[in-house]
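Chemist: Those protein sequence lines, which keep their order, are chains R and P.
Residue numbers for the first sequence follow this note's numbering, so the first one is 1 and each next one is one higher.
Residue numbers for the second sequence follow this note's numbering, so the first one is 1 and each next one is one higher.
These aren't lab readings, by the way, just hints derived from the structure by calculation.
All C-beta atoms in this analysis are idealised placements derived from N, C-alpha and C, irrespective of residue type, glycine included.
Some hints could be false.
[Unchecked claim] Covered stretches of chain R, as calculated for chain P (at least 3 residues, CB under 8 angstroms):
no., stretch
1, 28-38
2, 44-56
3, 166-180
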Amino acid sequence: MHSQIRFCARALAAGIVVAAVASCSVFDTNISNPNAVTEDSLNKASSVPPLVNGLAASVTRALTGVYGPYSVTSDELTWVGSREDWGRLDAGDISKATNEYNDTAYPFISEARWLSNYMITKVDSFDQKHELRDRTDLARTYLYAAITYITIGDMYDDFVLGSDRQVPAPPVGEANMRVVYDSAITYLDRGIPITVALGNKELQSQMLALRARAKHARALWSLLRPARTTPVNPLVNDAGANDDATAALALMAGNYRLKLTPVTGGGASISMASEMNSRQEIRAGSVYINPNPTKSTVVADGVAGIKLRDPVTGQPDPVLLKAIDECCRLASTTLTPFTIISAKEMHLILAEAALAAGNAAEVVSRINAMRALEALPAWDGTTPDALTMLIYSRQVNLFLQGRRLADMYRFGIKDAQWLPANIASRKACFMPIAAIERRTNPLVNMTAEQRSPSCT
Amino acid sequence: MAVAVALAASEAVSLTTCHAALVCHPERSEGSRCWAEIPRFARDDKIGLTDALEWIIVEAPKQVPRATTLLVESSMSRQFVPLAAGALLLIASVAEPRRLAAQNPTGSIEGTITDVGTGRTLVGARIIVAGTQIGGLTNESGTFRIAGVPARQVELNVRLIGYAPQNRTVVVREGQTERADFKLQVSALQLEQVVVTGSGQQTEVKRLGNTVAVIQPPDNAPVHDLSNLLQAREPGLTAISSSGLTGEGARIRIRGNASLTQSNEPVVFVDGVRINSGGAMTSRLDDLDPNSIERIEVLKGAAAATLYGTQASNGVIQVFTKKGVSRPPRWSVQMEQEAITFPDRIAPNAGYARTQGRADSLSAYWQIPGLQPFQVFEVPIFKDYLTETGNASIVGGSVSGGASTLTYFGSGRFERENGPIGGTRFGPADDILRRIQTGVNLSLVPANNVRLGVRSSYYNIESERPGDIIGNSIYGAFALSQYARPEGANCDKSSYMAPGQCDGPGNPFGNMAFMGLREAMQQITSEKVSRYNGVFTAGWTPLAEVTTDLTAGYDIVNRRNTNFAPYRYNIDEITTNNPDGSRSIGSAMNRLLTLDAKVAWNRPITPEISSAFVAGMQVFNDRNESSSGSAAGLPGPGIVVVGAGGRSIQNGEAIATDINGGYFGQEQVGFRNLAFLTIGGRYDFASAFGKESPGVFYPKASLSFVPSDWSRWNRPFGMNTLRLRLAVGQSGRAPGSFDKLTTFGPLPAEQGAGLVPAQLGNQALKPEIATEYEGGFEMGLRDDRIGLNATAWKRKVKDLLIDQQFDPSGGFRNTQIANIGNMHGNGYEFGARAFVVSRPSFGVEVFANAAYLSQTIDTLGGGLAFIKVDPSYNRHLVYLKAHDPLGSLYAPRLASACPGGGTTAMNKANKPMACYGPGTLPINLNNNGRAATEAELLAYLSQPRDLRTSAVQTALQPLLADYDGVGVLSQQRVGDIIPDWTGSFGTNFTISSNWRVQSVFEYRTGYQIANLTDAFRSSQHATIGSNTKPYATVEATLNNPASTPEQRLAAAREYITHYRRLLEPGLNEVSDGDFVRMREISVTYNAPAALAARAGFGSMSITAAGRNLWLATKYSGADPELAYAGRQPGGGTTANFRDASEAFNLPTPRRFSLMVNLGF
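Extracted from the complex, chain P is given alone in its bound form (with noise of 0.2 angstroms):
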């Protein structure tokens, strides 16, 4: 490793102090150039950054001997110089640039990157020239070639993810181009990757106290946007599948739930500039364009996030776009098609008919010979009628290239998707999802020791779907073609064409309120998003030990959404929801400003000591401005704006600032490059306090120690590396900037405008702060071939924001958010990759990760009991209690056998509950209160009943009981939502380097989901669902005149047990979510070079993929991954705690894709 560091003769003669003293190397100076080597220590702690100092050349006057001992150090370097100065100044050597590169003659470095083992070339390996910013990549051949090199003996610093780095000495010469040839060693560990995020400048890993997971994009992979990417690479993030629809995002989460109230999504940065990650019909993460991506970094918690202040205790992704190298341009073109078919996992919809008469009309409907009355039959609604299989198309491309002093990497990318819903066959509304993805990043080194870049991204993002398409929603197709009753369908007003197809009206899927199937499909919901967002940096090493970086950057995203049913859009006479047709229409923009200054100090403080100091400031100004609008009423078929709507009429308009910012500084201290002990803090502001708050300071403290670094280090148990961490730093999250205040809102009334009590008001908020301990440690066994990694965190968070429901006789209905809850969490996360075999002809490499995880409420404080989620929706199961496990599920237990044949039974109160002895069943018949014995259940049932009816409903009753002895049987702790465990593992095959196969599993278990869908579909109800074949089963049984009265006995028993819920919301309604998915797996053909030349490209690449092709799980429902209702990133207990139940959602759809690769 090693930074060469070129000074003008004028500023050495100009050197006064110094740390390390420089000896001149005889044979290597020459000249005015003195070639002075540094001991191992001093460089490394001297440079303190990503390279260790090797070699110095210094320029320095004739007049100076040879071995003589030069003063490296300038008077500047003694100074600190404020970071925002720094950073402007930064700007001002912009103006006035000194080039040296282009004053000194300069040649060129080319090579090959291969891995040592298999002998493959090596696509994206960094070189560096140390010290200075030219750099360059291998392309798709694995070579590279660095032009505008100092004529001089360089460094040159080769890494990539998954090797060990490498340097090397190469001297250059005028005009000349150098051949440096690498070999890399295949590296599980990678502790001197260099990363960014969260330490204020680059800085190893191994420097680091806390975890920074890299992610690097998959080559090849079947990866179509950002939640993709993240979903199943580190151990403690989860990417949780919103739903199966077309453009649907993920809901990101790290560690879990830092905050009840606010967002638990982390916040995103791309090169350096915060973005907006919310979104939530299309995900703002999945506007980034995958294959412009290099890395991402991400913090898992506030022991590595404390730098960001508040707003980061959920962690932080920052994302790395890819730069230009200095080469001819380089051409990459991405084609791909893809098939996308749902899984065959939601039920058919089941019925029966009562009659003869019926089943015969129904014989005649479904075309299914022989119903008799009673005879439950089935028709795949869903399968058959509403799904299609869906198709994208993805062509993308990139050029990269660049000289020596302008790099550039170009990228566009345009994706379309019609997705497996419905095509057109019952209406206008379909699934499409298109996007536009551009991006162009410029790099420019006027000269060695500045840096300059600016990216410019563009995004236009399309999306359109059925109208409430996915959720819980009355007037959705999906729910729709769940809550349908095949017995009911008929052709009554129109002629009957073919199962489920009338030429009119009618009711041609049995759907027995809200909607018609074929109606919903008339209603259309859209979305358009037009994005901009440029980053501008800029970076100044003015001494050797100083650098100074300045990003400021700017994302605007402006959205459109509209929701549309078309005039006279009840084609069933179904619908009475605005058959006359409506429109609503939403625009929102938000446009998110970053300023980053940041000067970092890096120098030896004695030879064994070195000190990284780096202090700087940030802010963001986040501005919403919405506007809503609606009417219903069209006034005839064809229009389709809003302003014609005649009745319902109502606009909106919300416009909202939060400004958040802080200043930073942190010092790290090593000791002979083995330890390194890094102290840092933040002071925060926020508007949400207000100007005369005082602002909050964040504390970090973080230490690592790599014992195998040491020269005595003797591979004890063959580990050739080890290091060990320990971490402990804080984070917040702030409220919204208008929480604190005593408001009256807008509600008009016929008299003109008015105002109504909003919100109570809470002069006293803060934010809540996150306090978070890690310690861990990294292992390499066989060569660093096998790597291990373990983390053990705690997290504890104070002043929790809670949204406190005071007694709504006070006047204002509207909870008020004070900080009054605590709250911890602990986790435990482990990695492990090995690459097993590493032979030219084959190579294997397997990896494995876990991260358990577990949260507790320890206080709610003022007063509360709990919190009920979703509180004006009684059939939503999860409540938030001190003392238990965070989204724990609460519903109504079934009494069990009373224990040993008797007829008494103990809760965990040690109290009598009600449980069945002995010729009983656990059915409270007519409500009196015990265990109905079989023969009153006989006699009742004698005769058939009709389980629709409120009569036999509250008749068979289901015996509860009190299990937990908290003296209320509708909330008995039956699970929670949140996974104990979850993780992914997977191998990647390499076939005599041409071929590759990868694979990716991720898992999730020990949650409980709670299926809503299910609940409808196989329980009785009035209009919604009871159509699944055993519920159906049942509930003929009880109906069937021919039944024995112990045939209706074994039914009301199954009933009872398993299909008697929604009347008791929750009752036999939560069943285990453990899954194992296969979310990834590709099959690539790499084209030897020449098959590649011959058809005219520089290489040539060949994919066969599929994404969640398997799955493993016990889970009867569709999905076991999914949530509620979409995203919902922007916080609120309701949107923070709906994972893990379902309630009418997509399951995850499967993708077949063939991608091409060319690059020339």
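Here chain R stands alone, though its shape is the one from the complex (with noise of 0.2 angstroms):
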């Protein structure tokens, strides 16, 4: 008996340990995880700023995404590596959705979309409790919500808008996208009356510096496209891009730029710095640079580099040298800046207009006003012509910010790489959705392997 009792005694002991260890921190199963923020966590105006600061990384990494396959499209760049798709791209077969770059950008892009639409109806909400520390942050969301939809604007086809995390929208629509260029001006107009509340004039400035690009974006793609061809009058005057133009002209200094840097690699999936510097998948066109004697595949390097010269002086172009030391001769950076928007390319819309307008003496004058910055000897208005000195101001002084390929349309301009049978060489295409929307998006009515209607 005396042993059963402590056999009982042990095994209540034993039982009581057991579920002591057992309920002890090691093993309770409800842990959390500390790698990332659960989005409860987020619906407090606490959260705005690093929301916000998340928003400007998308679309830079967004950007370093997206503006690869379109400048090698374009003459800007052209393939010197080892992957196809890259050479198709170069060869002018823009419109193939399962194009691989094509395919992994979009996704970024796309994210960034999304991400705007979130924070604009987050932050707007903060404020409208009047709960956001700094109204800086909705006015900086409106802005990078801007970039993000002239982006899509200036790249794309066609694109899906509407959807909202596993509920799919149809695409916007070739002939509709100019609502993407709607919206990013209405993000503007709203964006823009809290930065002179708030006093920033900087941050005024890039806004209407940006609203001036995506009226004339909205502009040029109204002459551009649906018609896909070089129209008769390529040249853009909108009066609010003017207006726009002038007015933040007023407020930025000479040479003033808004730039998105990346801060690190972020884990995009491509990156047009990387392919360029380390991969040496591509490199700048050879309108523009002069390849290495011994390595054909990077730029030569200093003045000896740049082949695209000044029409002005026939010297190797000064700005174009710039850019290209920025973007192209840091040896594996994936982190160039991208020039969003910049006091020059005000002049060059403001010199359109002028153009346009038959304005010869404001068209002088605007062009000039860049080449001063750059203390290159005054343009005579007439060697070359203006339109000329148009094409090539822009060329060099929007070199690599995703203007080229819509240019390149405009005003005919064919890349020597395009092959004749390829998209570029017939229509003015650009991206179209890519083929992992059009595999997931039971609402966009094409398989990944069909080309968007009318870039076939």
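Two independent chains are provided; combine them into the complex using the hints.
Modeler: Here it is in structure tokens:
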């Protein structure tokens, strides 16, 4: 009996100990994730600053992706490496949805688009409730959202804008893509008064300049698409764009640029800078640079590397030299900056409008204002002619800023790399909705292997 | 078979009830001891364990008269002792052990165990004093000695894998040494083999309705690690070599893939404790010292692994380490020296000059006289410049021994390997592996019914290799050796010294992009692993029918990885990849805790029916913490710390904890020792589903029937043994702990810390559940000298976890895992083993096995048509599609000749497809959509054509056909990467008891390999490869102005039908991978005892061995059994389905070794 009692006592003690062990934290299945922030935690206004920064980072990361295939299709970059899909883009085959670079870049710009809308709703709600510590965050949200929407408009023939998480939306439609610019302008319309109220001149100038760019791009879109042919009159003269450009210039220093620079690689699956400077799949196009004589995949050092000549001096273009130094001679870097808007672009918008309006003096004034910033001798207004000078000035001052392909289409410039059968030689086409979206969005009525109807 | 159970007198008095009436044997009983014999079936059923009860010794009070029925069961035995309580009771009992053994008089037993056929002494046979924890192993001379045996009549059980078990009664007298020699009969069947894994307690194989494979390390075989040990041993278990690189482990697959997205590696235990079996650069499985392993038990799927619950659906591997035995210390020392070479399977680099001037330069550079323009020449860059004969040295030793209450086994092993890559010719990078493996096992038997064990192991692994040496890396030395075009070689920036040697910057091998080969060899990747693994086990048998076990374990791995490119490592001025150096470091800690407690209750229900019940719990806590940092732009030579980097500075940290556990119970009912029905289940919980989520119940059932144990069995068809079995069970795989959450992750911006969408989240996640059915038989012929076994199995996996890609326009780029798919698989496994000759002078043993595997996805769910493996890389060809074999390859296919000489052909959908008719070729000239005529082609080829130019590539396009009728030319099914059949066979020859020759061959068949290496090397490409002789000949012919149009036409036909690759990813890239490989061969001389003694040793053997010496395959690539990029054990579709994809993988090296084993 005594042994039985002792046994029972041991069993009881053992049971208690086991229960204690099993319930201690080592075996507690209610664990949290210390590596990320759950969405539940973002419902307070204090979450706004990191979210706005995240939107900036997301947009920047998206640019590192989409600028690659866009610029390789244009003459700004050319394929010198091993991956054939760069070669296909270089040869003008931009409308293939399964091109791996378009396919890789698309989710990043989509993320930036979704996050823009998510943030506008969230931050605006906090603003309505006067919970924002700094309304600059709301203005910045509008700014980054506008950059995202303008980029989509500049680079894609069609896009899906309305999807939310697992709820898909149909594409906007090629004929309706103008709405992305409208949205961008709306966001900037809302943001600019905030900057005025805050007295934030720099942010105000950025938003004004961006709105000028949005209006210019919207007008260009109407000019170029959906006809997809080289327009008889390729010049834009948009009053709204001109007003905003003028207003922005009034607030800007002479050579002002708004740049977005990635801080880290950030998990980007595609990076234009990395493909240029590390992998050496692509490099600056042969129109612009001279390759290194012993290594054709990189640009030759210094001035010797610049092929494009300033039409006034006949010397290698110093503006392009700076741009090449910034983007294309930084071994291994993935962190090159992207210029979003600049004082020079405002001049270019105004110069183009003046040219369209027949105001030759204004054209000369604007072009020479830009040249003066680089200490270049003045252009006389005749040699070369104004249109050539405008095209050239855009070419060097907007190098690798996502404008060139549209300029090539509207000014009838063909890349020597484009094969005649490829779409870029035949139509003013841009990037299509990528295969990854077509495979996963049941509302996109195109298989991944198909091309957009107007770009076949 | 017998178990003797000694009960204290006081307990015997308290016995009140009984299942088996015991009658004291009139002759054998004496004094206070009563010898009681019980019926056979009752015996077996009562014990229900490894051993049946033949005699029970009861130290009964003197007043119990002889021939009196004793009631043997305490009141305790009818209680269900809660499993955990039982386990803890064990601890309690340790604190107050009943040292019965110490209190009673003891004696010793010694003897020799030999093979009855050959007369050869047997090493490693286990002798157990039945019913106690006392036992021993035979040493290198085949002898054993067991001290501290209770002085009474005891039963000795002798077991050795490969032999029929034997039992004998021995009367032990106090202070005396008894002699007990055994002659064991070889047996090709092992139905009495005792196993533990998956059954909850020690159980004979024949009682289980599911298969439990037992692998015993072969003596003197060229086995260096656990990956080697698992390879080619067991049907259905494949160890897929990741690459031929020093230190690289193998991917382990058992019955294929039970998951698409989760890890398909089995879970691994060592002595009951779950261990980290991951690793990438080196395998954590291979940390274990192979010389310390006694045996490995393998559960092949859910039907057997149910009691392990979630994570076990790909099977369970349990390693049992060697334990000490009661005897004086025995030392053994192993010394091994190896030579390691790559087989000559890498095609030389070919090229040609286009001008006479260049041909002259190349003649001088490569010292190949008389080169002419367009003459193809070859330089074996990999073989002659990048490799050497590697070497390895291994020294190991062990000691085992002990007394009656304490035994020990200690081992240590040191291995150093300098593999066959490079040496120091090009730079500091080398392929080095160093392993230090130590372990101690202590077993304490403080009382006859108490067993305590402690195992403590420490491992230190260091590995180094050239950066990015394997896989499709543009900065890897091996890849760059394959990219190189010898016609581009030069020393233009410095002085020429010899072929492939410049005294300064140059391009000595003709690398056209990315990096020079010499530069690649400046980069070093290293890994250092420090690991401790500790196990505590306790077993208590409070009553004859009740045993409790507790196992607690701790496995901690600290790993540090570095990648380093020194300052200005771009010695050839080719690379622009961080030419001023870079460094990245990563540190990771993985800690895995195990707690396992169970209680078993084994008893007879009636004389014919027995019960074996076990219940318990398991919990695993897996904690991972990692940190990393990297930077580029080192400020100067000599500095090697990441903090010195001036740009691209990044850091990271990750923390994760996964907790998984469950309660399990199982009842096994035996009938007349002939049939055994097992029913059980596990209630499982996991942190992946949170505290509030209900657990998951996994049931199991099995039936085993051994008609040959029936007394009336009359050996039909010569079968002396037959066992039939049937099993069904479930197991699962859980997602990661954080997969259900909607999260935002960090992404910094210039303005500060930022957050972006990370994971969409899915609150409905649950484990994917595999249900497996299996049935089969074992059959013994000719006194079990021939053993056959067969198993058929079928597995269904429901709620398959799929990486669902939602439309990225919804904002979340990353895939979200969801339970939306179903798949099934089935297979057959066959094994045969025969002792063909078993004579003292000569013995021959042969074995063969085969496994068939078929796997199909039923549905992917979520509207998914397919999942592309490695979606970001369009040169990877594996897609996961419903209704097609798992791991299918899809690629474009060239149009065939139209049937019957006509001009039309129909596809599988009965629709017209492209073909080429008479006078045409499958060339879609200038993309005109039809087969070009020879006349058109001759016109086009009337002038030289350069395949390196996009214009010619665009003109000479292949005519593709939609054979499958799917409407997508690029997605024609061309095979699958998973072999239909795998298996092995081999022989063991024993000659005059001193010589032994062993061989193992392995084969795989019925699968295809996508050879991306050759796709680059045997096709047009801008910068990579295009350098095999056949392709270079085609290109040179098309380029050569001296070629005729007809010659160019023939070359164009060759180009399109064989060498048009990459531009249409997958075209001409897939080929059969079938192979047979001599995995192991060894010749061992065991010195006679007298000779060994003269040398001062107790035993001595010398072995000459080889590993991977011979390969038969039609596959033209480097190796038909390589996985794309290393082990990748963590899961994910890309990692899971990169088998049989060759992309710059090193071939499996050949190893020649000489081993000496000494015992003293």
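Chemist: Against each hint, give a clear statement of whether it holds in the structure.
Modeler: Status of the hints after comparison with the structure:
Taking a C-beta to C-beta cut-off of 8 angstroms, the stretch 28-38 of chain R contributes 10 residues in contact with chain P, enough for the three needed, and the coverage statement holds. With 9 residues carrying a beta carbon less than 8 angstroms from a beta carbon of chain P, the stretch 44-56 of chain R meets the three-residue requirement, and the given coverage holds. Here's how the stretch 166-180 of chain R fares: 4 of its residues keep a CB closer than 8 angstroms to some CB of chain P, so the rule of at least three is met and the hint holds.
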